[in-house]
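S.K.: Now for the letters of each chain:
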Amino acid sequence: MLLYILRRLVLLVPILLGLTLLLFIVARILPGDPVGLAAGPNATPELIAQMKREFGLDQPLPLQYWNYLTGLVSGDWGMSVFTRRPVFADILEYLPATIELVFASLFIAVVAGIPLGLLTAVYKNGPLDYATRTLALGGIAMPRFFLGLLLQMAFAAWLDILPLSGRYPLIESPPDHVTGLYTIDALIAGDWSAFQIALSHLALPAIAMALSPLATIMRMMRSSTIEVLQQDYVMTERALGLSNRLILFKYVLKNAMTSTLTVIGLYVSWLLGGTVLVETVFDWPGLGLYATQAILTQDFMPVIGVTLVIAIIYLVAMLVVDLLYGVFNPKVRYA
Amino acid sequence: MLTLNKRQFLIGTAGMTAAATLPRLANSAGKNIMVLASTVDIPNFDPHVATGYAPQWLFRNTYDPLVRVVANPPVPAPGLATSWKQSEDGLTYTFELDGNAKFHDGTPVTAKDVEYSFARLLRLAKGPAWMVSGILDQNSVKATGEMTVTMVLKKPFAPLLSVLPWMFIVNSKVVEANKGTDDGQAYLLANMAGSGAFKMGRVKPGDLYELIRVDNDWHKGGNLSGAIWKIVREASTARLMLQRGEVHFALDMFAEDMDAIKDMPKVVRIMEPDYRTFTIKMNTANGPLMDKNLRKAVSYAFNYKGMLDAAGPAQLMKSPLPVGIFGFDPDQKGYDQDMGKAKEYLAKSNFKDGGITLSIHHAAGYENQRRWCLIMLESLKALNINLDIRAMTWPDTVAMARSPEKMVDFYSIFQSPNYADPDNTAFAAYHSSRNGQWQNPVYKNPEVDKLIEDARAEVDKTKRAELYKKFQAVIVEDAADIIGILELRKFAMRDNVKDYVFSPVAANTMEIWPLSIA
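Chains as they are written, first to last, in my numbering: chain A, 1 to 335; chain B, 1 to 518.
Among these hints, one or two may not hold up.
Lysine to any residue pairs mimicking SDA-like chemistry, simulated, CA-CA at most 20 Å apart [claimed, not checked]:
(1) Lys204(B) / Lys254(A)
(2) Lys406(B) / Leu23(A)
(3) Lys52(A) / Pro43(B)
(4) Lys204(B) / Arg84(A)
(5) Lys199(B) / Ile171(A)
(6) Lys262(B) / Leu12(A)
(7) Lys463(B) / Lys204(B)
(8) Lys179(B) / Phe328(A)
(9) Lys204(B) / Glu172(A)
(10) Lys52(A) / Gln437(B)
(11) Lys262(B) / Met153(A)
(12) Lys469(B) / Lys343(B)
(13) Lys52(A) / Arg402(B)
(14) Lys179(B) / Lys254(A)
(15) Lys343(B) / Arg402(B)
(16) Lys204(B) / Phe328(A)
(17) Lys254(A) / Phe328(A)
(18) Lys266(B) / Ala157(A)
(19) Lys52(A) / Asp396(B)
(20) Lys406(B) / Ile29(A)
Here are some chain B residues pointing at chain A (derived, C-beta under 7 Å) [said to hold, decoys possible]:
(21) Val232
(22) Arg233
(23) Glu234
(24) Ala235
(25) Leu240
(26) Met241
None of these hints come from the bench; they were simulated from the model.
Glycine is no exception: its CB is placed at the ideal position from the N, C-alpha and C atoms.
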């Protein structure tokens, strides 16, 4: 298995190389004048030329790409033309907020979606099944930003029980930076009060993000479970007098999880790439907003950097999913 | 021992969770911390490099200029200079500095710091340096006494006192100590060297910037102990934050937001005319609109009332200069929709039967601009002219403006003045030296150039006003632009903000140090 993991990790290199090459070429052939824009409306041609030299944009494209690749290895992911900060430092600044939001929403989706899927499969066509079906349809159909606005109106503006936006109260300092994930940092610091505050800020955006994956996971789990429940071995276990709970949790769950795991893995990248609207509504300073700003100003290096990060996280997530197949299905062999 | 059944346990857990997640609002009451919600980030803290309204707000509160700008209509006010004198020929200015002024490190602000700051600004030739390009060079500003600064201009420049509020003085010792190889740019990118009322606190790019009042601040006024520039990208979120009292100012509001907060308790709407103009520029250097008669036909065909109706709170412009600014000619009538005249001019043009397709650009995502393009489409149909409407992102727009060949036939653009003088709009938007820049991609008229140059050099106010009157008449006669509208500046604040006075220049980059929270 270790060999399998190593091989998958090594395979990441050509994939990422190809990705950087593609992004580099696409970014350069797009029309627009990002340096002129960053230099400001009153910049002289000399200043624009100076900035192009400063950012290495006056060099031939192959040389620019080579410099970028060699920089990547040493942690130099280029400079943002717009912020004039190193892209890697910017990503480190913004990434934790997005990671916290994505994994909180994934946590909600998994923790609620799997049991609900199981239950609706067992009580197929019952009231719970119909209720969750409605929820699933709504969850998939409703745009996340709209749900976010509704949640804000309900829980912040009317009920006034949860914060409207942001990661932490404006005039208070967040917990000391360890991971950049405020909830985790608060727990590390043993600051229960800070944890509560961070959690309360995380609640609404995470729910807004979670509803769609929750609905999908729930429906996927339901159909997989129904399929497994119709297998001969389940009937045999029932005939042998095993309890429904034992059959469900010990035998059915594991087999039904395989396809759901794939969906969960896919949702990691879907959530990572799709945070921007929720981040905008909830004023959540994450990678989505950073990427959007970079795209709008055609700031190439941050766009490439963010895409790389999302690609790496996605590929690692899919690797983890592949490994988990083995946990749920011992027949899976890693060659 | 306390025992709980399953139901009691669940209810208790739910209650504890609810209590745990109850919000701790960013209620700054009692701490006098002013919170401003804006959509714009502050990417650079160097006052001689950064441009844009968010950095400008930062500089006005963390640095000091020689001269400030206040009130409505805007007038120069003492900043670091308590007084100033101007020679009769308009070439020499002498400033006396405030002996109380101190940098954040406690050292006094001296004339040497002023000399150093102007030399650095002009050496770097970035940020606001363009405002005095050709007027000052690196040797123009000298310390002629411990607290006296003399500025010798290369040629008379009437708007000098209007541009000085955007030229901030840095602590020369701090910058020199961190000069590096780039004149301190790397240092000042993320550090301060100012004498303003606030110093930098927390910096969280893309999220918030916190300012903390300097101990023993030498500025007189206001009761704020701090301020937070909070980046809120969604207007509806900013509106809710304002409603809940989480922010004191919501700076980037749309017309629909202003309607929504109309009767909101404890919220004050600010809707004032400022100097931000909207015009539809025509490609006078390439394509069919080189024909002046066609430009006039279009100017008469355009539905100005429709534009105003679609604009929300705004007023129509009749001249290229904003209403209310010095030199604005109230007798200038501009153009009104008159299809008879439009057809008359079309008949005189090279395209007397129409039958052509023109192109127009609008900023992608800007709904009002898109609506105005549709109004133009409708207007031109009556002249048998088709319109190709293109949405463009800002980088594409900047690139397009570089040459007449790349530029579309019509080009929609808002222009915010950087300083409270007609020279700003006139020079940036109509002087041919600005060709290739987005404010004036192509328009070139030697008569206009001369009027602008004469007006900026004229120190006699009456003569200067007369020159601007002529300038407006020539631009209108030349039909260089579809002269559009002045949208009202729209933002809102809580009613416990005291001493705020609207100023039509840089209205949303206000000095907050003189303000108080009741």
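S.K.: Against this structure, judge whether each hint is valid.
M.R.: Right, here's what the structure says about each hint:
no. : hint                  : in the structure
1   : Lys204(B) / Lys254(A) : violated (44 Å)
2   : Lys406(B) / Leu23(A)  : violated (26 Å)
3   : Lys52(A) / Pro43(B)   : holds (18 Å)
4   : Lys204(B) / Arg84(A)  : holds (15 Å)
5   : Lys199(B) / Ile171(A) : holds (16 Å)
6   : Lys262(B) / Leu12(A)  : violated (56 Å)
7   : Lys463(B) / Lys204(B) : violated (50 Å)
8   : Lys179(B) / Phe328(A) : violated (61 Å)
9   : Lys204(B) / Glu172(A) : holds (13 Å)
10  : Lys52(A) / Gln437(B)  : holds (17 Å)
11  : Lys262(B) / Met153(A) : holds (18 Å)
12  : Lys469(B) / Lys343(B) : violated (28 Å)
13  : Lys52(A) / Arg402(B)  : holds (16 Å)
14  : Lys179(B) / Lys254(A) : violated (64 Å)
15  : Lys343(B) / Arg402(B) : violated (32 Å)
16  : Lys204(B) / Phe328(A) : violated (43 Å)
17  : Lys254(A) / Phe328(A) : holds (5 Å)
18  : Lys266(B) / Ala157(A) : holds (15 Å)
19  : Lys52(A) / Asp396(B)  : holds (17 Å)
20  : Lys406(B) / Ile29(A)  : holds (17 Å)
21  : Val232                : holds (5 Å)
22  : Arg233                : holds (5 Å)
23  : Glu234                : holds (5 Å)
24  : Ala235                : violated (10 Å)
25  : Leu240                : holds (5 Å)
26  : Met241                : holds (6 Å)
In this structure, the hints that do not hold are numbers 1, 2, 6, 7, 8, 12, 14, 15, 16, 24, in rising order.
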